[in-house]
Every structure is written in C-alpha cells, then in structure tokens.
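Engineer: Assemble the whole structure, with the sequences as input and the hints as a guide.
Each chain, written out:
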Amino acid sequence: MSIPRPRLPRPARSLVALLGLALLVAGCAAFEPPAAVTAQGQDTRDLYDFVFVVAVAIFVLVEGLIIFAVVRYRRKPTDTELPPQIHGNSVLEILWTVIPTALVVILFVFSWNTLNQVDAVSPTPSLTVRAVAAQFQWQFDYLAADGQTVQFAQLSPELDLPVGVDVHVILRSKDVIHAFYVPKFLFKRDVVPGLENNFDFTIDPADANQTFRGQCAEFCGTFHSTMLFSVKALSPADFNTWLQTQIKSAAASPSAAAASGGAAAPGATTVALTAHNVAYDQASLDAPAGQPFVINFTNNDAGVSHNVQITDGTGQVVFKGEIFSGPGSRQYPVPALAAGTYTFACSVHPTMTGTLTVK
Amino acid sequence: MALQVSHDEPEGHDQEGISNVILGMVLFICSEVMFFAGLFAAYFNVRANAPIWPPEGNVHFHLADEIALPLIITTLLIISSFTCQLGVWSIRRGERNGLIRNIGVTLVLGIIFLIGQGYDYTQLGFTLADGTFGTTFFTLTGFHGAHVLGGVIMLSVVLYRAMAGQFSARHHDMVEAVSLYWHFVDVVWIVLFSLLYLVPTGH
Amino acid sequence: MATTTLQAGAGYRSGLYEWLTTTDHKKIGILYLANSILMFLLGGVFALLVRVELAQPGLQFLTDAQYNQAFTIHASLMLFLFVIPVLAGFGNYLTPLMIGAPDMAFPRINAFSFWLLPLGAIVMLAGFATGGGAAAAGWTEYSPLAQAKYEGIGTDLWIVALLLIGTSSILGSINFIVTIFKMRAPGMTLLRMPIMVWTMLVTSILVLMATPVLTSALIMLFIDRNLGGHFFDPATGGNAILWQNTFWFYSHPAVYIMVLPAMGIISEVLPVFSRKPVFGYKAFVFATAAIGALGFSVWAHHMFTTGAVYLPFFSFMTFLIAIPTGVKFFNWIATMFRGQLTFSTPLLYAIGFLTMFLIGGINGAFSAAVPVDFALHDTYWVVAHIHYVLFGGSVFAVFAGLYYWWPKMFGRMLNETLGKIQFVFMFIGFNLTFFPMHILGLSGMPRRIADYDPNAGWNDLNLLATIGGFTIAASILPFLWNVFITFRSGQPAGDDPWEGNTLEWATSSPPPPYNFDHLPEIRSERPVFDARHGTSHA
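Residue numbers (this note's numbering), protein chains in the order written: chain B, 843 to 1201; chain A, 953 to 1155; chain F, 2 to 539.
There's no promise every hint is true.
Stated by the list, open to error - Keeping only pairs whose Cα atoms sit at most 30 Å apart, straight-line, the calculated DSSO-like set for lysine-lysine is:
(1) B:K1016 to B:K1074
(2) F:K150 to B:K1016
(3) B:K1201 to B:K1074
(4) B:K918 to F:K421
(5) B:K1090 to B:K1016
(6) B:K1090 to B:K918
Derived from the structure by calculation, the hints contain no laboratory data.
Structural biologist: What follows is the structure, given as structure tokens:
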C-alpha cells in the first residue's frame, strides 16, 4: 500500500538521527568496564565486548522497529475503515524464534569458553594467599608452598601481590557471607562460611606498582560499606623483598601476627584511646616505628559503634580495627609501621579523627 | 428493576468435570507438596553434607532402635486413610450413617496418632536444637503433625455436618475434598517414616 | 444496553462497611489496587531516603543501620506488597469479567487473601517500632546474616509478614486457577481467553508451585532464629547456600510472577489502540507457558558467584529464557505494524514498557554470560537491571492498565493531559535514575552500600540518579491530582470508551454485581470486537 503518510520534515529527521547517533556513541563510550589488569579479567572483558556488540545490535533493531511503528502507523483522521486484521504469520514467527535461538546458543558457547579460562585453577600456583573476611575487615594470610602454613598474616586491609605470576586465592569467612571484589579484575567471588572458594589470576606485568581498590560486594551487615581493601601490584623482586621483611618482622613478634583474636604481644608498646560522645579523647597519638604495638581502645558510647582505622599519607589504610558497639573495649594489635605521620579515624564516623606519629 | 442475572450460584456455570471445591483442594495439595518439598530438600541437603548419618554423639539418633511406638501409630494412620475412604464411598451411595461411623473412626485414629506422636516426642532423648539431626527431625515431623491436626479439625467439621444431615449422595464435595487432604497427609507420613526410621543410616 | 440497569444494584456503593466485608471480585480487585498503590508510595519514600543518602559521599541523613533498613524495606514493600499484589489486583478485577463469569470461584477466600496483605504490611513495618529497627539484611535476607546473632526482632516480623503475604498469594492462585478452569462462559474456550487471563493462569501456577517453597524456607529461618535450629548457619552445622537455593527457587519464578501479568496488560492495550488483533495469539500463549516452565530452571543464576552451583546449566537455561520473551517482543511490534495507533495515555505507557523492558531484557543477558556476571554481580548494574524490568516493565504496565481500565472500574475517564504529563515526567525521571546505574555498576560500585569513596568517580552519577528519583516522585503528583479530579468531575466513560475487544467492555461501567446482564456470543478472542463489527473481520 502506498498511501502518503505524514512525515517529519527532512531537516528535523536528520537532526533526530544525528542526536540519536551522538547519544549512542556517548553511551557506548561510558558503557565500558574498567581496563582489566589481570589476564582472566581481559578474557572477561573480551567476552563483555562481544556481548555488548550483540546487545547494541539487538537494541538498535528492536527499538528501531518500535520507533518506526510509532511514527509510521499513527491513526489519521481519514482512517475510518479498520486496518487489515492480521492474526499472524507463521514464517515470520518461526523466523523470529529460530534466529534468537541460534544467537543465544552462540552467546552461550562463547561465555562457556571464557568461563573455562576464567575459572581455571593451576595445580602449581606461584603464590597462595588466603583472604579471611570477618564483619567489616579483611585479613590476608600469605601461605607457604604447602598451601597450609601461614608465613605471615597481613592485618591491614592491603593485599600485596606480584605481577606476571599465577596467584591462587583461597577465601574463608569467619561469620557471614562476604564477597571478594576487585573491579579492575572484573571479578568477584563470594566468601561463604563453611565453603572454601578459590580462584587464580595473573596480574599484567605492565601494571606493576599500581594500587587497585577492592571492596566487599555481598551485603554483610551494618558497616558493609566500610569493608574496603586495596591490592598493590609489585614486581616479583619487590614483592619477595617485601614478603621476606614482613615474615621476619612477624617472626619477631609472633603473637602480634597471630593476634587476630586480640591477644597482645608481651612487652609491646600500648597506646590508650577512648571514644565518648562520638569523639576521641585524644587528637594525637605516638607509637614506636618498626615494631608492632597495641591500641587499647575503649568505646563509651552505648549503642554506638566505633573503631580505629589508620591511614598513611597517601590515604592507604594500613590498619583497621574491629568495629564494635559501646560500651566495651578492644585491644587492637597494630602491625609494625614505618616512621612518619599517619591519620587515625573511626570507620563509622569519619569526623572522629586524629594524628598518629610513628617515630 | 431487578437484574436479570442467571448466575446467582457461582457453581452453576460450567458443571462438567470435578467441582470447584475438589479442584481447589487438589491445587491446595499441590502447594502443600511443594511446601514439604522445600523441607525435604533441606533434609537431604544436611544429610548429604554430614560425614555420617545419623551424626555421632547421641545414641537416641538411631531411631530404628526405638521403632515400636512409631510403627504402631503409622499403622493406625494408614488404617485411617482406608476408613476415610470407606466414609466417602458410603456417602456416594447415600449412606449417611456409614459416613458418620467411618469419619468418626478416622477422626479417633487421627487423634490417637497425634497423642502417640506427642508422647514419642517426650521419649526421644534429643531436642530440636540437637544438631542438624534434631532440627530436621522435629521440623519435618512437627509440620507433618501440624497438618494432621489441620486434618483432624477438617474431619471434625465433616463429622459435625454429617451428623447435621448436610451431606447427600449428590452433595458431598467437602467430604471428597477432606478425604483427599487426609490421604495426602498419610502419604507424606509414609515417606517421612520411611526416610527417618527405615532408611536411617548411611547417606 | 446494559447501562440502564446500573441503579438496580441498590446499595452497591454504600459505605465503608460494604468495602470491609465485600466478597465482590471487582471491589476486592480495587482494594488490591488501592492498597498496592499506597505501598508503592510508601516504598517510594524509602527509595527517596536511599537516594538522598547516596546523593553525595559521606553519611548526611541516615546512619548505616537506618540506611540498611531503608533499602531492605523499600525492596520488600515494592516486591511483596506492591508489584505482586497490584498485578493480582488487576487479575482479580479482570479475570471473571474477561471470561464472562459472575465472580471468582471462592469469593470469601478471595476477600481473605486480600486482607492478609494489609496485615502483612503492618507486621513488616512494626519492625520500626522495635528497639533493633526493621529488617535490615536486604530483601534476600541471606543467612547467616539473617540469623538472630546479627539481626534483631525486625527480621522475625519480616518473616511473619512474608508468611502472611505468601499465604495470600497461594490462596489467590488457587482461586484464579479454579476460576479460569471452571467458570468460563459458554463459548469461552481456553484458546479464546484474553492473553491477560492466560498470563494470570501461568502466574498462578508459578505462585502455587514456588511460593510454598519460600514458606518452608522462611519457617526454617524462623526455627533457626528462635528455636535453636541448625538449617542455615554453618557455625552450627547448617548450610548457608541452602537458604539461597530455597529462597531463589521461589524468588526467581517470582520475577515472572511480577512480569507476566504486566505483559498481559500490554497484550490487551496494544491491539485495542492499534485497532488490530494481537499478532500471533498462540505464540503468545506458548511463550507465556514456556517462560513459566523455564522460570523454574534458572534460579541459581542469582548465585553464580557463590562457587556452589553448576554454572553451565544455569547459564544456558538463563540464555534460553530470553527466547520466549523475544518472541513476545516481536509479536507486540507486529501488532502495531500496519495498525492505526491512537496515542492515548495507555498506549504511551505500553510503548514506554516496550522500550524500558527491552533494555531490562538486554542488560540481563550480560549476566547470563557467567564471567561477565562475575564482574557485574552485586553491583549497581544489577540494580539498574531489576529496575528496568520491574519499574520500566511492570510499573509502566501498571499505569497503562490503570489508565486503560479506570473508566471500566469507576465509570469516568482519567484526564488525558495529566496522564501524558505524568508519563513524560516518569519516563524521564526513570531513565535519569536508573540509566546511570549501569555505568556505576561497570565502574565497580557495589549495591547496598550506605557510603562510598568520594574519589571513586561515582559522585556525579549518584547525584544524577537522586535528581531522577525526585523526578519520578514529582510524576506521581499529577497522577494523584488526576485521580482526585476524576472522582470529583471526571468525564463519564460509557460502557466501551476505547472500542475494546474483550468481554469487560460488554457490560456497564462500572459493572453491576455479578457482572453481566447478558453476554455477546463468543466465537474468537475478541467477542466485543466481533459484536461491534460483525464477525466478517475475525
């Protein structure tokens, strides 16, 4: 049928088309996951890009058909007769069942293929780290080659890793479900109590000396949003130096390293700090450099949760104490810190803050 | 002017096939099957995850050793399904006395089952809080018991209405529906009893 | 015609007592709709609390604990007390009318089903009156977090509320199935039923088979919390994943419970405003049934990152379920093709539904690709996805349905101008709120966080989303005003203002008790169309 239809004037149509195109391009540019920093993440990224192309194609096709129908088939005053009463068309209907079926099978095969790469676990990883999650904090145990013995337990929420080698991570939860999530790995895995999940990844050597943010991604309770950590990528040589230093200093004060339960090393320096009316009683603290120390923290605010978290000059969290509701007290075993000026603050109330001088 | 509505009785619409009440009960039983499926899934899950079953630490977990009373009440419950069906057949023939007698017996057997189960609970030697074994045992049997109680209440209503002469050979959908429910409760117990008492060890 | 007999239903509009004790499916349907819209507004308030807190980094208005309650109760209200019941409300009002029945099969059970809902709402919200506050572990209430050692009595109230609401759903579904199978008018064969009725049938089967599993899971959680049970807490021998399996065995089919009747509404609106029959009626029916059946085999795609599910199977099934949905999309578009579209408010909302639900379907496909889901799971991408499906999809369909059937329910037309203003604001506000969340999710912002790092690059998009949230809120005002002025002085609708197809348009507006004085002959899925135009077009 070739009845003339009302149409938008030509310039208006090109304008709409141009605007649409501009929006699409802008949209696509923003529609990217971050550049992957692991080999596995890059596989995922490739799969994402493939799915994205298919998705955009489907969207443009279907949305185009909708817009076409809306523009082309509006009812005109002359439309007094009914339009043709079409009830269906078997060929078309079979076509738009079969083609999407083929499409999803292709998508499935691609994603399965990528899944096998991303989920592959090496029998001989270069490094095994156990991430231990508990409400609102992370601890990273660096395991020996046997995959059992803890060489050194990193109490600050910082995961130092070598680039270019296969890293194996084991996940363990002490209480509820958490999730280990590093956006730049394009990966997360739940930390489920009673279940030891594990996975492998290799950080791209080009990303040495970078730091990536990590965060608990499975809602885990009141202060879920404070459960942050960071991943620091080091060259294998730098990493080994770092690890040996840490193991030595941990051996020097064994109980502090194993003190996730809160037992303090005998003879360690103790610093007292009290929270009251959502404020610390001290604005500055002093601690010795190069050796672990203990913060005796008292929370006098009934029903209000506080803790002590220590950040270095670059904003990196080097220690995060357990958040607990007052009244009560905790002994926080702080690992050895290099000399310098640090900030201590409450994870829950960022306005509670002070300066920690390590010398 | 009054409405000329011919649909004053909702059932009068499409009378072929089973009645609304019976179809409703069949669907309700479907939902109950899914409810118990959820509980059974939990039971199989904890059982499959346990290194040995029943778990060690409590001799009373070996239910097969104390099976006498459960066996008796199981038999009574199975018999009650037959008496219930006899009641249904009676009213289909229009025998009201047969209905009253058979439903009465069914009701008594159901109550004896509940009393027997309650007594058995006091003799078990473990509680709901005793590990996954106690939790699943009491949840499964407890919710089954609650359904028996529901069935006993329904049977009481049927008995009351039967004695009031409200059922006839043509009009006894409620009897049919309650009897379906009672059979369902019976079948669940047979599965439960087999699982908990007759296949109690291994995985 | 039927209009003249309206006054015969003496006392039909009499007073509060009548509404509290009614067993008329139309009044119960309206009660469902009214209660659900109230819950929608309330749930919206909680959504705004969440958006206000997230508008900028730092905690300005809420504490962490309050924030967690706000998003938990927002989701619980919207899912369990708005989307599911509002669609059940349409089903209640329309199913008997559409199949030519005088009422539902069990009118008193129908009334009971409804009254459980406000009771459930009160119980759930009563959590705010307790010391520990309302439920705060998210609407998914994952164990062990939902155990008594972490969460207070608000969670118990939440469990009891969901048991009440679930019972309401189950009884309602039995009622729908029996009504549809047993109460159809002569000539109304199964394959002449309106698509809306088909979607209610499949939805009811889903409710019947899935909801009892949630009931069992809730009861087990309650036993864990209060009676020393050991189902879901690994610390005492239970299994944390077991909760997720039983919960999602219900909650994934529940997504279809929340979407299928919305698809039904769209499938009624599009043909009427295109003046054409629905394209591929049988394909619609089979696609609806296929979605229902496949809906039971995809629940674990919510658990890809747990490391405890067999990934390829659930990935494949999840991809597969896109096919029947795609078939429906093409059928809808083909229904409009070569038609004569009238852009009344219901059609605007239907086209809004098509556009938004399309995005909600496509962005869901990303998560079917398991490795991509590893990146996107539990981020704002998922929040965008669920809102494109349930807001862009279901809520737009709800408004399409309200504008379409309001004249039938109350005998007066809602104002078209206000309706279009509402549509424009809601469409823009919706996209402003939820489109940026895709980008937030891609850049790694997890869901359910009260606060975020000001240097993470999320500030602007969060502010934008909050502005969008208030735009949506603003779009509700013309709707409320529209309802108010329509009750006061709305234009009388007549029996069939839209030239409808289905039987509800063959009776008066509003219909009398027991619905019909007489029925037209039913020879196709469009009996009223046939009566209007003769059967030559059918």
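Engineer: None of the hints should be skipped; say for each whether it holds.
Structural biologist: Hints and how they fare:
Proposed proximity of B:K1016 and B:K1074 is supported: the alpha carbons are some 24 Å apart, at most 30 Å. At roughly 14 Å between alpha-carbon atoms, F:K150 and B:K1016 fall within 30 Å of each other, so this suggested pair holds. Distance hint between B:K1201 and B:K1074 is fulfilled; the C-alpha atoms sit about 25 Å from each other, no more than 30 Å. The suggested pairing of B:K918 with F:K421 holds, with an alpha-carbon distance near 20 Å, which does not exceed 30 Å.
Of the supplied pair hints, the one linking B:K1090 and B:K1016 holds, its CA atoms being roughly 27 Å apart against a limit of 30 Å. Distance restraint check for B:K1090 and B:K918: the Cα-Cα separation of roughly 85 Å exceeds the 30 Å cut-off, and the hinted pair is therefore not satisfied.
Figure legend: structure checked against the earlier numbered hints; the only hint not met is number 6.
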